[in-house]
Structure formats: structure tokens, C-alpha cells
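Please dock the two separately framed chains into a single complex, following the hints provided.
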Amino acid sequence: MKITINGKDTLIGENPERTIGSLLEELEVPQRLYVTVEQNGDILDRAAYETAPVNEGDVIEFLYFMGGGR
Amino acid sequence: MLTETQIERYSRHIMLKEVGGKGQQKLFDGRVLIIGAGGLGSPIALYLAAAGIGTIGIADADDVDLSNLQRQVIHRTCDIGRPKVESAREKMEAINPELKVITYQEWISAANINRVIAGYDFVIDGTDNFAAKFLINDACVLAGKPYSHGGILQFDGQTITIMPKESACYRCIFPEPPPKDAIPTCSQAGVIGVLPGVIGTIQATEALKFLLGKGHLLTDRLLTYNALRMKFREVPLKRKQTCPVCGDHPTIIEVHDELDAMTVCDLKRS
Ligand SMILES: [Zn+2]
Numbered sequence: 001m002k003i004t005i006n007g008k009d010t011l012i013g014e015n016p017e018r019t020i021g022s023l024l025e026e027l028e029v030p031q032r033l034y035v036t037v038e039q040n041g042d043i044l045d046r047a048a049y050e051t052a053p054v055n056e057g058d059v060i061e062f063l064y065f066m067g068g069g070r
Numbered sequence: 071m072l073t074e075t076q077i078e079r080y081s082r083h084i085m086l087k088e089v090g091g092k093g094q095q096k097l098f099d100g101r102v103l104i105i106g107a108g109g110l111g112s113p114i115a116l117y118l119a120a121a122g123i124g125t126i127g128i129a130d131a132d133d134v135d136l137s138n139l140q141r142q143v144i145h146r147t148c149d150i151g152r153p154k155v156e157s158a159r160e161k162m163e164a165i166n167p168e169l170k171v172i173t174y175q176e177w178i179s180a181a182n183i184n185r186v187i188a189g190y191d192f193v194i195d196g197t198d199n200f201a202a203k204f205l206i207n208d209a210c211v212l213a214g215k216p217y218s219h220g221g222i223l224q225f226d227g228q229t230i231t232i233m234p235k236e237s238a239c240y241r242c243i244f245p246e247p248p249p250k251d252a253i254p255t256c257s258q259a260g261v262i263g264v265l266p267g268v269i270g271t272i273q274a275t276e277a278l279k280f281l282l283g284k285g286h287l288l289t290d291r292l293l294t295y296n297a298l299r300m301k302f303r304e305v306p307l308k309r310k311q312t313c314p315v316c317g318d319h320p321t322i323i324e325v326h327d328e329l330d331a332m333t334v335c336d337l338k339r340s
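For the protein sequence lines, the chains are A and C, in the order given.
End of the first sequence sits at 70 in the working numbering; the numbers just go up one at a time, nothing left out.
End of the second sequence sits at 340 in the working numbering; the numbers just go up one at a time, nothing left out.
Hints in this document: simulated from the structure, not taken from any laboratory.
Worth double-checking, as some hints may not be accurate.
[To be verified] Straight-line C-alpha distance at most 25 Å; calculated PhoX-like pairs for lysine-lysine:
no., chain 1, residue 1, chain 2, residue 2
1, A, 8, C, 96
2, A, 2, C, 301
3, C, 308, C, 235
4, C, 170, C, 215
5, C, 215, C, 284
6, A, 8, C, 235
7, C, 92, C, 170
8, C, 92, C, 279
9, C, 215, C, 235
With the rest of the complex left out, here is chain C (with noise of 0.2 Å):
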């Protein structure tokens, strides 16, 4: 039962037919799981906060670093130095200290992301790197775990929400990690900072529709986005039968590191 203030707090929540007093309690009742406390995680956490997702999972092994602050909102200059996780803590209790916020300050691999991600109802990829990437798609996808992916480079991003064995997922489409250093990273290559604003809100809005369960999610088709063009295009995609996590012949039938795609700096942090 919603409390009085609740009531108040998410009164333009509670006024959408979609939500109403039930969809408010199903939020507050969800457990979402961000991972990657950075550009994606930042809007993410600060609207999932606001919406009054109940319980916030939150996984970075990072400190907050000056050339952080262009686009992770969630941090401040007081901030550098600090874990991302602690940071991004005080300020989604600040926004709604009705929350729980869970915090991993740690980087998430094959030894640990079985464990981290159990318990949520949707996960979160924020995350900077393919090793990643791959390693969120393959344990939410052998876990049967609905999530978002969110990908940004300079001028561009993409997203997609998979449901597990019912659409496409990220290995459907890229079946392995490029070669490390093959494909530049934001700190290589520069990101506007506004991008991750976009990508992220739109992730955040798949997990509240998740929980709702209203709308159609971004399921099989990859949604990309150009910001010099202001472009948004989807490309329409289904499930591959011969993928190699959720295909009718699975290789891959538990997590692992993809070791290849990790870069020197992934090295240097576990």
C-alpha cells in the first residue's frame, strides 16, 4: 500500500492509466540491476531513483575521475576520487531515500556476475567494453534474464532489450568480440556528452515498462541514433537460429571471460 506522501510523490505517475496505484506498487516492488556506474549508469540511476524502483542494484569498481563529469551527471567535482558506486548512492538516496540501493564495487566477470545479477528482475548494461558487454549478454541469456543493452561512440549510440530465448540477443547479431583495440573506445575516441543522456533515458524506460508490464519493448529490433544527424532508425532483427548463446545448438552453455576483447586496462583492473 502506497503511503500518503508516496501518493503525493508519484502523483503524475499514479494519474497515467498505464501506471495507476498498481503499476506505482509493481515499481516499487522491481529490482533492477545497473551495470556500469558512467554515462549510460548516470541517467539511468537518477531516473530508475525518481521513478521509485524499489530496489537499485548499482556495480562499478571505478572512482569518479575529472574527465568523467562531461557526461556522468550522477557525479560531482566533490565526487573525484570516490567510488562511482558510493557517488551514485548519495545522490539516488538524496532523489528518493525510500530506495534501496544495493552497491558492487566491483568489476563484473564470469567468477562474479552469476551472483550479481541474481535476485533482479532486469539488467542494465552501462558498461564501456566488449569483454562486458558479451559476458552481460551471455549471463542474462543463460539465466533467462530480460535486459538492456546500450552501446555510444562519439556521435552515435544503440540500443536493444532482450528477452531471453524469445528475441534477438547481442550475440545474435555480433556473434563474437572484435579483436582488442580493433574498435575505439570513448576514451580513444571522444563521446559527446549529451549521448549517453539519450541512450540511457531510453534504457531506464524499458525497465519501468518491463515492470509495468505496458508498451512494447525494443525487443528484435536495434534501435541506432545519430546525434549530428538527429537521427533515429531501427533496423528490424530476429532471433538467429545458429547463435551461439540462444540459437537451437548452443557453444556456449556458461559464462566465461572473453579474454580477447579485453583491454589492457580491463587487465590491469582485475
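For reference, chain A alone in the conformation it holds in the complex (with noise of 0.2 Å):
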């Protein structure tokens, strides 16, 4: 099925039992520990990633921490 993630078409094979949680596994997100995921426009809270379903069409953004300034 096709998501979009960080504003680029992705296919993924399809899974019922897929959660926000195990995708992040699945792509092998960097600091997936601290990332913050956009799931079609609202910020989802870290509790639900391990619950919150990947649904055809969903537009995904992975939020990272970047600390740096100076």
C-alpha cells in the first residue's frame, strides 16, 4: 500500500497488524526512541505509537530533535 512519509510516495507491503509503532521499526527510523510521528496532520502522543493503525493514503511525518546552534 502506498503512504506518504516526510512528503515522499512510499510503498509498503501490506499489514494488517501494522502499527505506527512497528513501522518505525520496519523503516528503521534513526532516533526512533525520541522521534515524533505526524499522522495526517495531528501529533500523536508516544503512548499510542505501539496502537495507532498505518492506513492506506496516511500522510506521515517524522519529527526529529536537533539541538544544535551555536
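Here you go:
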């Protein structure tokens, strides 16, 4: 199925069990213990990652910590 | 009233219909605080001084180091060992002697931040650690002070402008800081020297637009930039009702230091 990740169309296999948490593992997202996930415009609570399903057409943004400046 | 020489100095501003003489006067009456006189702080301070922001505060406890000069363009080789805020003040005053530059040679902490930000119209985060970034967010949200967040690492940068209680804040995106040393810093992972120029200049633009009351601020959208791919992206955001500081039932009601986010060198500094 097709989802959009950080602006890129991405094809992933069908998997009705897939959650945001398992997607992070599957895609080997960096900083995945700390990344913030926005799904279809809503920022998810971290506690919801393991239960939030991933659906066809989802627009997902991974938001990363960037702590530099000096 | 602007003098003849001010009209000459700011003529390229004054001919913009969004600025004009009135707008230039607003900039001159404006008060902007820059926290951090380093990578981000350098272009911000230089451009705000050139633009004629009448009062500019700059806070940093550090001294200029040789390894800073690859990106912190406000400092010179001859400034090594001098306090960054003094080096920055000198350059800002050389560009524009009409300004009032206020220096704070101290690390920002829960103990001093409310005192330091008071009296400024707009605050700019140019710091390099999560403890400071979360502290600035909390203090600005609690004080209702508009501010610009900026972060950089390696070839990536991101920035967002926060209008407290109106638009998404930093904690709406990241409710709490990562544990210390979980995310690398520029001093551990490196940063391409031009990157803070891009992000810092955007932050300075936001301060100018805020003071002028013109255009659309970078609110409710996180602007991300990757220098290798040369791509800007905008991630639309909205204020989170469950945000610990700007949400409907906040759990953070006064500023505090995020001790877990402080690195060893932060602790040594304080
Ligand atoms: Zn918030």
C-alpha cells in the first residue's frame, strides 16, 4: 500500500497488524526512541505509537530533534 | 523621526511599501533578544544590527574559540579568548553605531531567564542544547513572548516561530527533551559552516516581520532544510491540546531547568 512519509510516496507491504511503532522498526527510522510522529496532521502521543494503525494513504511526518545552534 | 542620515542608511528599506519610514521607525523602536552568540546568533546579530533594530540583547557566557570561526561569522581570529558577547557587540556597533546593544555574559537558566527576556518584543533561540531550547520555549510561552526556534545539525536545520497560546510551540512537537547524549550535538557530529547562515537569516527575517507586522510568520509549520539535497520542506502543525506548557491543562506552570537534558559541559558551565 501507498503512504506518504516526509513528503515522499512510499510503498509498503500489506500488513493489517502494522502500527506506527512497528513502522518505525520496519523502516529503521533513525532516533526512533525520540522521533515525533505526525499522522494526517495530528501529532501522536508517544504512548499511542504501539496501537495507532497505519492506513492506506496516510500522510506521516517523522520530526527529529535538532539541538545544535552554536 | 528619522534623521537625514538614517533615511540614507535605510533607504533600501524605506522604499519597500511594507516598510517605509513608519516601518523603519518600528524597527528602531523594536527590542529583540538573541540567546546564543554562536552559529545562529552570528548572522542574526549582524543582520538585525544592519536592519536598524534599535535595541538588541545578546546572551552567551562563552569565549570565542578557534573551532568557532568556521561558522560563527561575527567573530574574528583576533577575538579568540574574548567573551562572545563583547566580540558580537563590537561588530554590531561597528555596523550601526545608533543601536543600543545589551550584553548578558551568562548562561541562561531557570534562575535568570524571566529577568533576561522581560522587556523584549521578540526572542530568538540560537542555543546549542536541549536544556536551553526547552527552557526558552517554556519561558516565552509562559510570558506570552513571541519567539523563533532554530536548530541545526550536520547538513540539516529546522526553524519555527511561536506565538504563545496561538500557534504550536516546541513542546507541542517534542513534549520533553531527549535524555542527555541521546542526540548528537554539533561539537560531536559536526555542522557545515554555511548552515547556521541559512537558518539564522530566516530567524532574523521573522523578527523583522514581527516588528513590522507584515507578511505571514512561520507559525504552525516547521520549516526543515537539508543542504545536501538542497531542499526546504514545510510540515504543517497545530497547537496540541495536551501540550504540557501551552495545552488546555498545562503541567508546566513555571520555568525549570531540564537537568536530565544537560550535558556534562552544561553542568560544568553552571
Ligand atoms: Zn505547546
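Comparing the hints with the structure gives:
| no. | hint | in the structure |
| --- | --- | --- |
| 1 | A:8 x C:96 | violated, 42 Å |
| 2 | A:2 x C:301 | holds, 23 Å |
| 3 | C:308 x C:235 | holds, 11 Å |
| 4 | C:170 x C:215 | holds, 21 Å |
| 5 | C:215 x C:284 | holds, 18 Å |
| 6 | A:8 x C:235 | violated, 31 Å |
| 7 | C:92 x C:170 | holds, 20 Å |
| 8 | C:92 x C:279 | holds, 14 Å |
| 9 | C:215 x C:235 | holds, 10 Å |
Against the hints set out earlier in the document, violations occur for numbers 1, 6.
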